[in-house]
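**Student:** Taken in sequence, the protein lines are chains A and B.
Everything in the first sequence is counted per numbering that gives the first Met the number 0, starting at 0 for the first residue and increasing by one.
Everything in the second sequence is counted per numbering that gives the first Met the number 0, starting at 0 for the first residue and increasing by one.
Hint data in this document are derived by calculation from the structure and do not stem from the laboratory.
This one's a predicted model, so the numbers in the text were calculated from it and none came from an experiment.
Just to be clear, a hint being listed does not mean it is correct.
Stated by the list, open to error - Chain A side only, calculated, beta carbon under 10 angstroms to chain B, not exhaustive: (1) Ser-26; (2) Ile-32; (3) Leu-66; (4) Thr-132.
As the list claims (entries may be wrong) - Taking lysine-lysine and the DSS-like style, the derived pairs with C-alpha atoms no more than 30 angstroms apart in a straight line are: (5) A:Lys-149 <-> A:Lys-243; (6) B:Lys-101 <-> B:Lys-112; (7) B:Lys-101 <-> B:Lys-49; (8) B:Lys-81 <-> B:Lys-64; (9) B:Lys-49 <-> A:Lys-3; (10) A:Lys-60 <-> B:Lys-41; (11) A:Lys-35 <-> B:Lys-112; (12) B:Lys-81 <-> A:Lys-3; (13) B:Lys-81 <-> A:Lys-35; (14) B:Lys-41 <-> A:Lys-35; (15) B:Lys-32 <-> A:Lys-149; (16) B:Lys-71 <-> A:Lys-3; (17) B:Lys-32 <-> B:Lys-71; (18) B:Lys-71 <-> B:Lys-81; (19) A:Lys-60 <-> B:Lys-64; (20) A:Lys-60 <-> B:Lys-112.
To be verified - Over the 12 angstroms line for every Cβ pair with chain A, so calculated as not near, a few chain B residues: (21) Leu-13; (22) Leu-25; (23) Asn-53; (24) Ala-84; (25) Val-117.
The beta carbon of each residue, even a glycine, is placed where N, CA and C say it ideally should be.
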Amino acid sequence: MSDKLEAYLEEISHFLSGRAEREEILSEIRSHITEKAAEGPGEFTDAAIEKAIAAFGPARKVAERYLDESRPLIAPAYKRFLVRYTSLLFTLHAALTVLAVFLKEELVLFPLLYIPRLSFIDALIYLPAAFLTDLGAVALVLYFITQSGKDIKLPWPKFGIDLDEVKPPAKSFWLSRVATAVGAVIMLAVTDLALYLFARHQTIFFINLDSDNLRPLFTPGPGRRISLIVIAMFAVSTMALLVKLVTRSRWVDVVSNTISLALIGLILTQPLDNLFAAEIAEKLQKHPPKVASWAKNTILITLLFIALMIAIDLVKNIVAVSRKKLAKGV
Amino acid sequence: MTDKTQNEPDIGSLVTEMNRGFLHILVLALLEKDMYGYAMVKHIDTLGYKVEENTLYPLLRRLEKNGWIASKWDLTEDRPRKFYAITREGRTLRAGLLDVWKNQNRVLDEITKEISHV
Numbered sequence: 000m001s002d003k004l005e006a007y008l009e010e011i012s013h014f015l016s017g018r019a020e021r022e023e024i025l026s027e028i029r030s031h032i033t034e035k036a037a038e039g040p041g042e043f044t045d046a047a048i049e050k051a052i053a054a055f056g057p058a059r060k061v062a063e064r065y066l067d068e069s070r071p072l073i074a075p076a077y078k079r080f081l082v083r084y085t086s087l088l089f090t091l092h093a094a095l096t097v098l099a100v101f102l103k104e105e106l107v108l109f110p111l112l113y114i115p116r117l118s119f120i121d122a123l124i125y126l127p128a129a130f131l132t133d134l135g136a137v138a139l140v141l142y143f144i145t146q147s148g149k150d151i152k153l154p155w156p157k158f159g160i161d162l163d164e165v166k167p168p169a170k171s172f173w174l175s176r177v178a179t180a181v182g183a184v185i186m187l188a189v190t191d192l193a194l195y196l197f198a199r200h201q202t203i204f205f206i207n208l209d210s211d212n213l214r215p216l217f218t219p220g221p222g223r224r225i226s227l228i229v230i231a232m233f234a235v236s237t238m239a240l241l242v243k244l245v246t247r248s249r250w251v252d253v254v255s256n257t258i259s260l261a262l263i264g265l266i267l268t269q270p271l272d273n274l275f276a277a278e279i280a281e282k283l284q285k286h287p288p289k290v291a292s293w294a295k296n297t298i299l300i301t302l303l304f305i306a307l308m309i310a311i312d313l314v315k316n317i318v319a320v321s322r323k324k325l326a327k328g329v
Numbered sequence: 000m001t002d003k004t005q006n007e008p009d010i011g012s013l014v015t016e017m018n019r020g021f022l023h024i025l026v027l028a029l030l031e032k033d034m035y036g037y038a039m040v041k042h043i044d045t046l047g048y049k050v051e052e053n054t055l056y057p058l059l060r061r062l063e064k065n066g067w068i069a070s071k072w073d074l075t076e077d078r079p080r081k082f083y084a085i086t087r088e089g090r091t092l093r094a095g096l097l098d099v100w101k102n103q104n105r106v107l108d109e110i111t112k113e114i115s116h117v
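The shape of chain A in the complex, shown without the other chains (with noise of 0.2 angstroms):
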């Protein structure tokens, strides 16, 4: 017997593995292939079986044929409910996630979900692993509500976010491409003027806007790292401007966003003691110690809304991106 049936054989067994009647699919395929091999002019050569084979077709075409029959794992009728859910269950999982890095505490919402004490940082690792147990959870039970084979009416309450139902105002191409491009002009002289201010100055913060005298907020160190850092961001999203004028994939907004959450991440890794410049340091010190903690708070929350804002337009690109795909895939 030909040493290429046999793999091609081997081949197609390997995708109908788990099959009862995989031997007998197997004997019926050789069967026909040196039959057909056997026919052509000429002896039964290893020729004639290989075009045998490729009239047959790829072995991993070949076997799908044969696993069409089988219920799909989640049934086209719920496909939608994945992405409902998902979204739904990782939003409540994002949500009860920041609130555990501010509050500092673990929290546990018995039996879903279990949010371990976090650092930001460890919180930027957590929720990309958190979107995909949830999607995990939401896809087994789908998957368990599709294998039963019943009608299950599943629910959906109406104040839920529909993100079919969700679309953008209609734009016309070239008003969203000069929006894009007006967008684009702005963050690059933002970005520029940044650059100069801290080619001249080692920071970009400052408590007055006195040009011939202007006055850092922050002391030297922490305050060209911070400064580095926010000019990043800056350059970040002129770059997913400028990109966004070739291509509307929402790809750029989910790399942009998540490039900015981990820029937010390393600014809340600077270390904030020692972080005003001396004026603005002895004018805290003339009021109670709480005004400085104050201070440093109102920095950490204003950080922590900002990465939010963000997490929740990464969410929803990340959600939508997803939905293409799944829309794809039908």
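Assemble the complex: chain A is given as a structure, and chain B must be docked to it using the hints.
**Tutor:** For chain B alone, coordinates are given in the frame of chain A:
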């Protein structure tokens, strides 16, 4: 440009859809006489129709699973061959499918005549 590409008819996938039903009737009609897979492919070929080999065998398996055809291996020749034959349930199904098919053809004929008179 993109819209135009999206709206262009994909005749290949539509033909595949149409063939799926037709192939059921064709196979059930052919199997009035015992036949093995490769012989069916060749016979259909001589009638001026082409059936994909890797489509025929899974279809035969599904029809057999539903009890509309039955099979048995013939080991008396040089090469083993799996012969198929229609069952009583298969004949009933074939009659039903042929009725549907004839009615569809009649409707299409009527409409074609109506269009030609417009």
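**Student:** Would you pick out the hints that fail for this structure and give their numbers low to high?
**Tutor:** 4, 5, 11, 15, 20, 23
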